[in-house]
Amino acid sequence: MKVVACYSNKGGVGKTATAVNLSYAAAASGLRVLLCDLDPQGASGFYFRVKPSKKLKDDTFFRDEDRFAGAIRGSDFDNLDILPANMSYRDFDIFLSRMKNSQSRLKKALKAVDGDYDLILLDCPPNISALSENVFKAADRIVVPVIPTTLSERTFEQLLEFFVDHDLDRGKLLAFFSMVQGRKTLHHETMEKMRGIYSELFLATVIPFSSEIEKMGLHRAPVAAYAGGRFAARAYSMLWAEVGARF
Amino acid sequence: MRRVGESFALSGRIRGKALGKDVGALRLELEPEAPPVAFALLDQFDCPLGKSHRALIEAEGKLILLAAQAGGREQPAARSGHFIADLQPGPVGEALSDLSPLRSLLALGQGRMVVRRATLLDEEEKTQARAWLRRLEPDGPGAVVTLVELQYLRGYDLAFDQLRRRLRGAAPHIELEALAESLFPGTPAYEAKPQVPLAPGEPAARAAAALIGAHIAVARQNEGGVIADIDTEFLHDYRVSLRKVRSVLSLFRGVYDAALTDELKRAFSDLMAPTGRLRDLDVYLLERDLYFDLLPATLHSGLSAMFDLFARERAAEQAKLARRFGEQAYADQIGRLQRVFAEPDALAKGPMADYPVLGYARKLIWARYHKVCKLAAEITDKTPDNEVHALRIGCKKLRYLMEFFAPLFPASQMAPLIKPLKRLQDGLGLFNDYAVQQQSLRALLATPGADLRDDAEAIARSVDALIAILHQRQLEQRARLTDSFAGFDNAELRARFAAQFHDGGETA
Ligand SMILES: Nc1ncnc2c1ncn2[C@@H]1O[C@H](COP(=O)(O)OP(=O)(O)OP(=O)(O)O)[C@@H](O)[C@H]1O
Ligand SMILES: [Mg+2]
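These protein sequence lines are chains P and C, in that order.
Counted from 1, the first sequence has number 44 at position 44 by this note's numbering; the numbering is strictly sequential.
The number in this note's numbering is simply the position in the second sequence, starting from 1, with 247 added.
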C-alpha cells in the first residue's frame, strides 16, 4: 500500500481538485484506491456526494481502527472509496499534542485498512501543523500544486525550508504547476524560473486553468466522469501516470 | 470481513412495477433497457462453474463472471483458444484459476441479452447500491432468466440489503447451479463419477449391472466431445469409464457365469483397444512444456521434431477414432452391451449373484485392503519396479471398490479411509508416470524408420537426455513413497477399515 498526499501550505491552489481527480485516475487504472479527506471543510467528500462522517469524530480517527474502517464509503466509481471528513478534524492538532508518538499517528491509523487498498490519497488542509507533519511522515509521495505566481513561489520556498529544518525527506516532494493560464506571461516566466531552480522537484505535467475543472462543484464528480474526453481530464490521467511512475 | 457483491438469478423478466419506486428515504432508479445483444453461457463440460454457483457469460466482446457470493467481474473476451490459460490476463481469468487446465470452455447455449441498471440514490444523488440486471432470452425452448449482479458500495450496507430484498422479492429465485438447465433444458448434466444408488439387500449381480450400465452411459456422453476433438478429457473419461466397467466384471467375482464374464471382459477390451494410441499421444503432447523445461535449449530442436511427429500422428489417430465413433458398427457394438446390462436378470448367474450387496461389498473391500497392505509391507528401497506397479494397481482396485460401494456406507466414515489411500495413489501415480514416460520415449526411438529421418540424431540425443532426467526423478520419487506407505499401513487405519468392512470389527 502506497500513500500519496496532496498538500500545500497555501490555500486554494487545487489540492482537492488534484486529490479527487488523481484518485479517480488511479482507480480507473485498476488500483484499489482510498481517498482520505483530512480537511474539516470536507470538500473531497462533497465532490463525491459522500456525507461527512458522524461517528469518526475527535480522536477516534487515530484511536479506533474499527470506526476508521467503518466510516469509509464506496464512491460511485469502481475501485474508489472515500473516507469523508468530520468537522472535529479542526482540532486534530490538539488531539495529536496529547498523544504519544504524535508524529506517526496518521501512519498508524492508515494501517487499519492496509490490505484493502493499493493506494491511499490524502487531501490535506492548507497549513503547516502537527497534522501536516504526520502527513509528511505517512506519505510516500507528496504532490504539491503550485500556481505559478510570485506569492506561490514564496510559499514553496517556505515549505522546502520547513523540510530542511525538520530533517524531512525532500525527495518525497513532487510539485506541479496548477491552474496555469496559457495567456499570462507571468505564469510562463515563473514556471521557467522555478523549473530552473527546482528542476528535479517539478513534474512535467501541467494542469491548466480550465472551466471544466471549475465545474466540478456543479457536477459533484471528478472531471473525467462528466468531461472524459476533454483535455482537463486527460491532464489528470497524465499527472497520475507521472506520479505513479515515481514509485 | 469486508463485504463483497452478490449475484443471483431470478425467473423471467423483472418489470419496474415489481421493483417499486422508493426504498425508505432512497430513490430507486431503473435505467432504460439497453438494446439487446447476443450472449453465450460458458462452462466446461462437467460444469464446474455451475456446480460452484458461478455463471460465465460472453457478450459484447466481454467475459462476465458472476459468483453467488462475490458479485461480478469483467474482462475482454478475446482469447487465443478456449482453455483457461488462453484467456487474457485479467480478473475473470484469475477467478477461474481453480478450473481444470485440461478442459475447454464450451458454449452451453446462446440467446439474446438485455441489460439495465437499478440504482438506489440518496437525496444528494449519491449511489448507495447498484445492480445490473441482465435478462437472458435463450434461443430455443428454455425459460427467460434475469441475472442480477448486486454491487456492494463500502459502508452502505443498509442500502445493499434493501436493494437485495427488493430484487429478490421481484420474482422467484433460481440457483445459479440450475441456470444452465433453466435456459437450455434437456442437456443432461455430466458426472464423470456417477453415484449409483444401491440398496443394502440388493442382489450383487443387479448391483453390478447397475454400476456397469451407469458407466457405459458416462462413456457414451463423451463420444461427441471425442468426435469434435474439444479437449483430451473426453477420451480420457471415456476410457476411464470403460476401464471401470471392466473392473466391475473382474472384481465382482462370481456374480455372473464365468464364461459370460470372460466374454464380456473381452467385449469391453475390444471397445477400448482402438482408443489406446490416441490417448498415449495425448499424454505425450500434454507433457510438451514439461519436456522443454527439462532439457537445455541446445536439445530443443530434437524435441520440436519429436513433437511434430507426435502431433501429426495424433491428428491421424483422432480422425480415425472420430470416424469409428460415427459408424453404425460402433453404435451396434456398444449399444448391444448397453442392452445386455439393461436387463440384468437375463444374464447367466454365477454363484454369488444373489448375495446381498452390502455383505458382498464388505467382503470384497476387506479382502482387497488386506492384499494392498501385504504388498505395501513388502516394499523396500530394493523392491523391483514391477512390484511397485502391482501395488499401484492394487490400490486402484481398492479405490474403485470403495467408490462403487460408497452409497452403502456413511460418507463421513468413508472420507477418512479414502484420504490416505488417495495420497498413496498420488505418490505411486507419479512414480508410474516417470516410468511410463521413459518407456514411451524408448519406444519412440524404436519406431521403424525413425533412424532414417534427417533429424533422427537430434531426436535421439534429446530423448537420451530426457530418459536420464526422468530416471533420476523416478528414483527420487521412489524414496518419497516410503512416507505414504506409513500413512496407509498403520494400526489406526487398519482398525477403521476393520470396523467398517470386517464382521464384528477388529482391534489392533
Ligand atoms: N485547474 C483548475 N482550473 C480552474 N479552476 C480550478 C482548477 N483547480 C481548482 N480550481 C478551482 O479552484 C478552487 C480551489 O480549488 P481546490 O479546492 O481544489 O483548492 P485547495 O487547494 O484544495 O483549496 P483549500 O486550500 O481551500 O483546500 C475551487 O473552486 C476549484 O474548483
Ligand atoms: Mg481543499
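Hints may contain errors.
What the hints assert, rightly or not - To spell it out: a stretch of chain P is covered by chain C in this simulated footprint if at least three of its residues, at any positions, have a beta carbon under 8 Å from a beta carbon of chain C; those stretches are: (1) 55-63; (2) 66-74.
As the list claims (entries may be wrong) - Now the in silico label distances, taken between C-beta atoms and shown as ranges: (3) C/D333 x P/K51: 24 to 32 Å; (4) P/M99 x C/R274: 40 to 48 Å; (5) C/R359 x P/N127: 19 to 27 Å; (6) P/L151 x C/D333: 55 to 63 Å; (7) C/H547 x P/S29: 32 to 40 Å; (8) P/L151 x C/R250: 20 to 28 Å.
Note that these hints are calculated values from the structure, not bench results.
Since the structure is predicted, the reported quantities are computational estimates derived from the model, not experimental observations.
Ideal placement from N, C-alpha and C gives every residue a C-beta, glycine not left out.
Comparing the hints with the structure gives:
1. 55-63: violated (count 0)
2. 66-74: It holds: at least three residues are needed, and the segment 66-74 of chain P offers 5 whose Cβ sits within less than 8 Å of chain C.
3. C/D333 x P/K51: 24 to 32 Å: violated, 46 Å
4. P/M99 x C/R274: 40 to 48 Å: holds, 43 Å
5. C/R359 x P/N127: 19 to 27 Å: violated, 59 Å
6. P/L151 x C/D333: 55 to 63 Å: holds, 59 Å
7. C/H547 x P/S29: 32 to 40 Å: holds, 38 Å
8. P/L151 x C/R250: 20 to 28 Å: violated, 47 Å
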